[in-house]
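**Student:** Position chain B relative to chain A; hints supplied.
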Amino acid sequence: GAVVSQHPSWVICKSGTSVKIECRSLDFQATTMFWYRQFPKQSLMLMATSNEGSKATYEQGVEKDKFLINHASLTLSTLTVTSAHPEDSSFYICSAIRAGGTYEQYFGPGTRLTVT
Amino acid sequence: QKEVEQDPGPLSVPEGAIVSLNCTYSNSAFQYFMWYRQYSRKGPELLMYTYSSGNKEDGRFTAQVDKSSKYISLFIRDSQPSDSATYLCAIGGNNRLAFGKGNQVVVIP
Chain A
1 GAVVSQHPSW VICKSGTSVK IECRSLDFQA TTMFWYRQFP KQSLMLMATS
51 NEGSKATYEQ GVEKDKFLIN HASLTLSTLT VTSAHPEDSS FYICSAIRAG
101 GTYEQYFGPG TRLTVT
Chain B
1 QKEVEQDPGP LSVPEGAIVS LNCTYSNSAF QYFMWYRQYS RKGPELLMYT
51 YSSGNKEDGR FTAQVDKSSK YISLFIRDSQ PSDSATYLCA IGGNNRLAFG
101 KGNQVVVIP
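Line order of the protein sequences matches chains A and B.
According to this note's numbering, the first sequence is numbered sequentially starting from 1.
According to this note's numbering, the second sequence is numbered sequentially starting from 1.
Pulled out of the complex, with its shape left as it was, chain A reads as follows (with noise of 0.2 Å):
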């Protein structure tokens, strides 16, 4: 158990456009949601969390315009990054901790976004 997908694993975009990444958990419900980027080589940075049916909390220094949460129900987070730019290629990784459970995160494979 403990199943969480993104969609879609890899996308290439041109600058100024807008892209929406899915994050699911398949075999729980979720009440919260973490959105993270990492760079390669470095460790996973937490961009902002999202609680089922409120506005997401977004760490200091991201952009809430920008990078856009919704967390619609208890099994669907996206994030759409928009008017994109190259330096927001990156790697974006969802994970979700399950409803009623403790604290331990699951993982989607990540997002690997481009922008061209």
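No lab work stands behind these hints, which were simulated from the structure alone.
Among the hints, a few may not be true.
Unchecked claim - No farther apart than 30 Å at their CA atoms in a straight line, the calculated lysine-lysine pairs in the DSBU-like style are these:
| hint | chain 1 | residue 1 | chain 2 | residue 2 |
| --- | --- | --- | --- | --- |
| 1 | B | K2 | A | K41 |
| 2 | B | K56 | B | K67 |
| 3 | A | K20 | A | K66 |
| 4 | B | K56 | B | K101 |
| 5 | B | K70 | A | K41 |
| 6 | B | K101 | B | K2 |
| 7 | A | K20 | B | K101 |
| 8 | B | K101 | A | K64 |
| 9 | B | K56 | A | K41 |
| 10 | B | K42 | A | K55 |
| 11 | A | K64 | A | K14 |
| 12 | B | K2 | A | K66 |
| 13 | A | K41 | B | K67 |
| 14 | A | K55 | B | K101 |
| 15 | B | K42 | A | K64 |
| 16 | A | K14 | A | K55 |
| 17 | B | K2 | A | K55 |
**Tutor:** Frame of chain A; chain B shown alone:
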């Protein structure tokens, strides 16, 4: 001072050796301690988690926590080439995890 310190230096060991990884943390309010394994271009996979000081064993993996020293360790016995990956410690509280930089481990057949 960073919340979690993990020496990111790569580690190469021969097959069958014991792999020893560790992290230190600064916030004594952290309540839970995890180790994740991440293969290249994949999401992290939860390996071990614990909430208390002491040892926790799962197969070839042992997680050790010393809250008084704010120090956690992961030991991998009888290492296999399939254990080659990056290992990240994660320490948390209040629904939030702070990650170490990760150790790249290479097990040489």
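**Student:** Each hint needs a verdict: does it hold in this structure or not?
**Tutor:** Status of the hints after comparison with the structure:
{"no.": "1", "hint": "K2(B) / K41(A)", "in the structure": "18 Å, holds"}
{"no.": "2", "hint": "K56(B) / K67(B)", "in the structure": "14 Å, holds"}
{"no.": "3", "hint": "K20(A) / K66(A)", "in the structure": "12 Å, holds"}
{"no.": "4", "hint": "K56(B) / K101(B)", "in the structure": "22 Å, holds"}
{"no.": "5", "hint": "K70(B) / K41(A)", "in the structure": "25 Å, holds"}
{"no.": "6", "hint": "K101(B) / K2(B)", "in the structure": "11 Å, holds"}
{"no.": "7", "hint": "K20(A) / K101(B)", "in the structure": "27 Å, holds"}
{"no.": "8", "hint": "K101(B) / K64(A)", "in the structure": "25 Å, holds"}
{"no.": "9", "hint": "K56(B) / K41(A)", "in the structure": "28 Å, holds"}
{"no.": "10", "hint": "K42(B) / K55(A)", "in the structure": "28 Å, holds"}
{"no.": "11", "hint": "K64(A) / K14(A)", "in the structure": "21 Å, holds"}
{"no.": "12", "hint": "K2(B) / K66(A)", "in the structure": "27 Å, holds"}
{"no.": "13", "hint": "K41(A) / K67(B)", "in the structure": "28 Å, holds"}
{"no.": "14", "hint": "K55(A) / K101(B)", "in the structure": "29 Å, holds"}
{"no.": "15", "hint": "K42(B) / K64(A)", "in the structure": "26 Å, holds"}
{"no.": "16", "hint": "K14(A) / K55(A)", "in the structure": "28 Å, holds"}
{"no.": "17", "hint": "K2(B) / K55(A)", "in the structure": "28 Å, holds"}
The structure agrees with every numbered hint stated previously.
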